[in-house]
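Student: Residue-level listing of the chains:
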Amino acid sequence: MKSKKKRPGRPRNRSSNVGLPPGTMVYIGDQKMDAVSVDIIDYNQSNFTELREASVERCGELAGAPGVTWINVNGIHDVGLIESLGGCLELHPLTLEDIVNTGQRPKTEEFPHYIYVVLKMISFNETTNQLATEHVSLILADNYVVSFQERRGDVFDSVRDRIRNSKGRLRSMKADYLAYSLMDAVVDHYFLAVERMGDRIEDLDDQILTDPHPNAMQEVHHLKRQILGMRKAVWPLREEIRVLEKCESGLIRPETKAFLRDLYDHTIQVIDMVETFRDILGGMHDTFLSNVSNRMNEIMKVLTIIATIFIPLTFIAGLYGMNFEHMPELKWAWGYYMALGVMLAVGIVMTVYFRKKKWL
Amino acid sequence: MKSKKKRPGRPRNRSSNVGLPPGTMVYIGDQKMDAVSVDIIDYNQSNFTELREASVERCGELAGAPGVTWINVNGIHDVGLIESLGGCLELHPLTLEDIVNTGQRPKTEEFPHYIYVVLKMISFNETTNQLATEHVSLILADNYVVSFQERRGDVFDSVRDRIRNSKGRLRSMKADYLAYSLMDAVVDHYFLAVERMGDRIEDLDDQILTDPHPNAMQEVHHLKRQILGMRKAVWPLREEIRVLEKCESGLIRPETKAFLRDLYDHTIQVIDMVETFRDILGGMHDTFLSNVSNRMNEIMKVLTIIATIFIPLTFIAGLYGMNFEHMPELKWAWGYYMALGVMLAVGIVMTVYFRKKKWL
Amino acid sequence: MKSKKKRPGRPRNRSSNVGLPPGTMVYIGDQKMDAVSVDIIDYNQSNFTELREASVERCGELAGAPGVTWINVNGIHDVGLIESLGGCLELHPLTLEDIVNTGQRPKTEEFPHYIYVVLKMISFNETTNQLATEHVSLILADNYVVSFQERRGDVFDSVRDRIRNSKGRLRSMKADYLAYSLMDAVVDHYFLAVERMGDRIEDLDDQILTDPHPNAMQEVHHLKRQILGMRKAVWPLREEIRVLEKCESGLIRPETKAFLRDLYDHTIQVIDMVETFRDILGGMHDTFLSNVSNRMNEIMKVLTIIATIFIPLTFIAGLYGMNFEHMPELKWAWGYYMALGVMLAVGIVMTVYFRKKKWL
Amino acid sequence: MKSKKKRPGRPRNRSSNVGLPPGTMVYIGDQKMDAVSVDIIDYNQSNFTELREASVERCGELAGAPGVTWINVNGIHDVGLIESLGGCLELHPLTLEDIVNTGQRPKTEEFPHYIYVVLKMISFNETTNQLATEHVSLILADNYVVSFQERRGDVFDSVRDRIRNSKGRLRSMKADYLAYSLMDAVVDHYFLAVERMGDRIEDLDDQILTDPHPNAMQEVHHLKRQILGMRKAVWPLREEIRVLEKCESGLIRPETKAFLRDLYDHTIQVIDMVETFRDILGGMHDTFLSNVSNRMNEIMKVLTIIATIFIPLTFIAGLYGMNFEHMPELKWAWGYYMALGVMLAVGIVMTVYFRKKKWL
Amino acid sequence: MKSKKKRPGRPRNRSSNVGLPPGTMVYIGDQKMDAVSVDIIDYNQSNFTELREASVERCGELAGAPGVTWINVNGIHDVGLIESLGGCLELHPLTLEDIVNTGQRPKTEEFPHYIYVVLKMISFNETTNQLATEHVSLILADNYVVSFQERRGDVFDSVRDRIRNSKGRLRSMKADYLAYSLMDAVVDHYFLAVERMGDRIEDLDDQILTDPHPNAMQEVHHLKRQILGMRKAVWPLREEIRVLEKCESGLIRPETKAFLRDLYDHTIQVIDMVETFRDILGGMHDTFLSNVSNRMNEIMKVLTIIATIFIPLTFIAGLYGMNFEHMPELKWAWGYYMALGVMLAVGIVMTVYFRKKKWL
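Residue numbers (my numbering), protein chains in the order written: chain S, 755 to 1114; chain W, 755 to 1114; chain L, 755 to 1114; chain R, 755 to 1114; chain B, 755 to 1114.
Just so you know, these hints were derived from the structure itself, not from any lab. Any given hint might turn out to be false.
Identical copies look the same in the list; a pair holds intra-copy or inter-copy alike.
Claimed, not checked - Simulated pairs of lysine to aspartate or glutamate, EDC-like, Cα-Cα distance not exceeding 16 Å: (1) K1112 to D965; (2) K986 to E1029; (3) K978 to D1040; (4) K978 to D1033; (5) K986 to D1026; (6) K861 to D1026; (7) K1112 to E1052; (8) K1011 to E993; (9) K861 to E851; (10) K978 to D953; (11) K1111 to D965.
Remember, predicted model here, so these are calculated numbers, not experimental data.
Please put together the full structure from these sequences, using the hints given.
Tutor: See below:
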């Protein structure tokens, strides 16, 4: 029940890994029923071939052939399939462990014949205000790229379309540009998530100024944690791209580096926006607290003033309610009206005084 | 409606870019109706020519000719014009993307035959207390400078005048000094914005000390966000100028570097002022809160004391309002006056006590 | 009594060391009665020998022989035994001092013929919410590893099993891989501790939202201190592994370094989780305070409103309780009902007003 | 009126500079009426000459002659004089701009034949609690030093005396030692300002503990801003002296560098004191707030308890003030005394209860 | 009177130094009456000589002779004696200035023939909760060490004993090991001070949880300042030892460097403990405030509830105290008991309601 709530940045059941030899692949994400499928697109400047539900052997063949091969694996919970793919492409056991470890933070690691990149895909659900992160791995080798997603998604569709339609310079570039394009697609989706989150924050900001309800505060806390999760995905990415740009193995060609710098700029922009939201959320906490205490103070002040005005009046009434035998005022014909007059005068004087003091 | 409010640092509709190939130019600023116009000033030590509404071809010709050429583009929403200018001057597609991307943060990027500089022009509207930032790009090549503004403005007028009137050393220097002069003009305008903001902050400070109204607090929050926007424009500039100064391509001549150091100092001065304002605004929050709670406490204290003085008196009145048949005091001739006297005594004793305790 | 409480990060009786020459071994942990025992496992790819309660001389012999020797010392309070082992293996006096100094923070130190690594084992007791840290030392020499634990534990059992069953690549690797495996086992147990702590924090978070009791706050403070203790164990580890990876003595073989990088990633993951918990705990403090003051304010508001509604009514009652002889209303047949009606009207008007103002 | 208040770190009318070519000298300090005067001291180990109100030409002559020449310019608002002096000594236009720009922050800049140092002189006025900063520039060339002050002051008198009386090693050293001595004199005066400020802070601390008046809080805020101004003068100085010490041009002789390190230590000491004051002032804010709310709470508690004790008593009195015909107690002979007794008992029980609960 | 209070980190009368030439020795500590005495221990592996109240000439002789000479100066207020010692050992004037300047922060400075080390001795007085710092200087030359203390103390006794009794390796090592031993003795005493402070903090923590009295808060503030003073002594030490370890002059022998690394570790341990205390004290402030406001809120809540229950009852009593002629209830035989019953019912209903709402 309770444990169904997911906290960003908290891998589930990571402890199931304890005691296993390093390099053991343990999928620690949510259990999934979908079959894992492998799609391949193989292209060069003039042709392209597309294969759905390809076999691991076919992957090995195409990866070895000339032309850029993009192997896209949808789903990482089939440990056996990923292991055989890893064997076929000669991936290091630790790379395989990281591919299925959804708790792995973004990083770039260079191996002799490939570069391994971990990314986080991010989407923001506007109805639940929940940030969903998905673990994405990229393997960039000399003439192929392997991408691993947690589930079949539409983030890479734009890249697929550009290959199919020969749009942009993608078809005329090598595997490194393909890897860059995939990373760029992921970062582009960050903007979507950040903007949606921004809209929610703006709404919340208006709400807090007009009607500071405790629920709004809980939502601020909730969004703060979402922002924390976002930062954890985006901040390491910055360093990661820097590492790729500085990479001296021939896997990243010089003409691609300008594009990596551009991607770096986009990442900084996302970080800037995320940090701005963080500042704004931090400020909203203060605004909320001072608004609430302001309202409360105003209420208490008004109520206390009402009580304060009536207390002396009640005293006067009590005074003439005393039962002494010798109270001359009680006999006066106009005594009652005088008493009423005194009360009215006291009430007016106090009200005027409080108003002059700007208490009312 | 709501979405008309602009938040500093938040590009609008950046997500419209998602899925497009990198290097695609998408103007994401406010939609504008004005035609984009290109002005050219070509000068050397002895002559100068000025051209308004020049064609792209003319730009290419003059840029290639000896003499320093300053091409000023007013407006960046005409993507086609900027693309053809970029083609004519052989600018990198990513540079063109950044020129029209108003969300791009300040940066300096070196390309083989030019340096690309992004700046933010800042102005502070004193009536709305709103900071307006404008995206400015500079291209510095060997003998020409291209500047891109979001709209025709008066910031560069002083530079234009100095060229026309041969004032200062501008006419006798090369393109790098022109680029420096343009950056210097932008930074000079920062001082104007910062000082105006400073005046507003001083007014607010006085207001908070004398009459702490919640609106003042909202303005403090508002100004804090403006300051955040300001910082985002100014902080990267510092790094940027440092990079230019250290730049080893021959595009920045040694004699210009002393001026860049001077510009660097000015930037630091702006940053200092901005940070001082930030500290002051942060302190104002505290001052406001303690002033408000002070006032509130004072009010509550006075009211509670009034109530506390009257409550025992009302009790005494109630005592003699009891209807017991055998209450000897009620029969006494001076009973009423004694009761009044006791009440007066109790009231005076309590007032004196509270005063002695410094509660009143 | 009081001194039985242990504070994380605070060595006990460290001052008993004052005035002793450096290199003097002083065990400053809790006094223990258990005998210190030494277990040895000696293995190569084909064979392995296991020895329980081995003598120091046997350690020296096996350490000198080919094949990887793992000497595991359970208990560090027998200073004499550790000294003779140190003499036999030619350890530096300062290393011996650090092995028994449970206050020593994690560090890596290179000596001519061995590397000395200090770690902290961590376990989290869910019933007492107490973090227990244990001081672990590793000596990595060319073909042996010595591990020192404060007490016999089960953390290294998984490594032992892997040696016995030839699981994974452990048996085919050298002493450096064994040392890595031991460190990996320790870090794997961090995940256990962190997850248990995380569960406790989640429970606490729910509790604070639904029923903010002061005890919950004290537990938050308590957990904050446990987190501080955790950080002190984990943060230096990061630097430590970095040092090992960069180590240029031949003791760490190149093929082991990829595994150290993997271990480094795991450490970063633990740090990330710990920092996330810290943020969450920090936020819980704020949530608690605002929840408590919210509840309190709500109560005070309702009570004050009740009082405010009754005070004018009581005044009216007091008015007609006055004993003036000439009060025409008192004679009216319907006077009493009119008074009741006026009171009812005043009560309703005030309630409606407060409701409209959203005070009720 | 209002604009007369000076904020530390905020140059006045800096915006008057906007649009002017760089290197244009604009004095932005307060307008001054005093004439600018130039004093010269020329000395070597055996002789010294002193000249008051010297002409610019004389400066040029002496600066060129052997022997150390110290040109002291009192006042920087006479832009013409400084420009002709700059021309005579071949100072860079940007140096001249910085000499008269009182908003320039401390820095060290190396030029081919001289080093330019900007300092801030600081004095603390104990009656107004106002920090006054003065802009000081030093030009250190091979055998002369030029110092610029905003007005004739006594800070450099000790240096003058040491030259006149051949005290210390000043007369036997070169121009770099003179420059060091002038900087040392400025830093020595920092101690005076800091100690005076420290006395004020200590007084304030006592006052806040004994009688927390809102005015004290405003003074704390005021002093915090003064400390901000102080930091801005002192922090960059640290870096500045480091740069001078590392300076590789022959202008700083090796024997002077030990003295610069000493000056560096003094600067660190000033910074330490300033930071300590900052911490203390920050803590005073907390102390003040908790003291004030403590006092207020105590008052409210006592008053509420008084009210709470009387409210049930008043209720009892009201009970027997009811006019029912059949109230047997009213007929009892001892009814009145019993009622009084019950009231007394209730009052005593409540007081005892509150005392036991430690509420009173 | 007031000025007798000492603030940590605040040198007294430092301003008396203003205007004096650099290198002038001014003792700025408390005025002392004790005579300054010089003790010498001269030793090698086989012999040792001890001299009390030695003359400066004897110091010079022994310092020049082979064998390690330790000159310990008790008291630094006799400026003349230190100057003549400095002349005899050829110390730099700035070193002498720093030896008597008790405001000098810890640092290490290398001179051609000696290394100068400044340390702070720290002791914590448990009755006054006051941290006392003492200025300690060490001069390490090739075969002698000079130590300067503010007064004769027992910190170095353990080192003296080890020389006398040939304990440890001290007698067989050179002057650098002696200097290390003295620094080690100082750092060992830090543990004493820190542990005493820790005990006090633990007591305070218990007190704040059980009985949050304002005095406890003032003590927390007081201890915070003591911690500040402690940090100022310990933090620079870390850097200092690092510098000594990296020192490339032959004065520090390689075999001593392992011991310096050990000392470095101890310093880190002290820093860790100090920082932990700082965190704990910071948390105590929050705990105190929330405890106090909790208690206050509880009191106010209970009192307000009592008042709220009685106010409607008093109103009912007032109702039947009205003097209308036609009030049928007054005539009813059971009217009085009915009124009492209604009051009881209202009281019970309200109490139950408040209890159900968990307000009581």
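Student: Tell me, please, which holds for K861 and D1026 at an alpha-carbon limit of 16 Å: within, between, both or neither?
Tutor: between (20 Å within a copy, 14 Å between copies)
Student: I want to check one pair: K1112 and D965. Are their C-alpha atoms no more than 16 Å apart within a copy, between two copies, both, or neither?
Tutor: between (25 Å within a copy, 10 Å between copies)
Student: For the identical chains here, do K986 and D1026 meet the 16 Å Cα criterion within one copy, between copies, both, or neither?
Tutor: For K986 and D1026, the Cα distance is within 16 Å both inside one copy (14 Å) and across copies (8 Å).
Student: Please work out whether the CA atoms of K1011 and E993 approach to 16 Å or closer within one copy, between two copies, in both situations, or in neither?
Tutor: Result: close within a single copy only, 15 Å intra versus 21 Å inter.
Student: Given a CA cutoff of 16 Å, do K978 and D1040 count as a within-copy pair, a between-copy pair, both, or neither?
Tutor: both (14 Å within a copy, 13 Å between copies)
Student: How do K986 and E1029 come out at 16 Å by Cα distance, when the copy is not named: within, between, both, or neither?
Tutor: both (12 Å within a copy, 11 Å between copies)
Student: If the cutoff is 16 Å on CA atoms, where do K1111 and D965 land: within, between, both or neither? Let me know, please.
Tutor: between (28 Å within a copy, 12 Å between copies)
Student: Quick one: K978 to D953, C-alpha cut-off 16 Å, is that within a copy, between copies, both, or neither?
Tutor: The answer is within: 14 Å in one copy meets 16 Å, while 20 Å across copies does not.
Student: From the Cα coordinates, with 16 Å as the cut-off, is the pair K861 and E851 best called within, between, both, or neither?
Tutor: Answer is within: at 14 Å inside a copy they meet the 16 Å cutoff, but 28 Å across does not.
Student: Quick one: K978 to D1033, C-alpha cut-off 16 Å, is that within a copy, between copies, both, or neither?
Tutor: Classified as both; 10 Å inside a copy, 10 Å across copies.
Student: Could you figure out if K1112 and E1052 sit no more than 16 Å apart (CA to CA) within one copy, between two copies, both or neither?
Tutor: So K1112 and E1052 pass the 16 Å test inside a copy (12 Å) and across (12 Å) alike.
Hint compliance for this structure: every hint is met.
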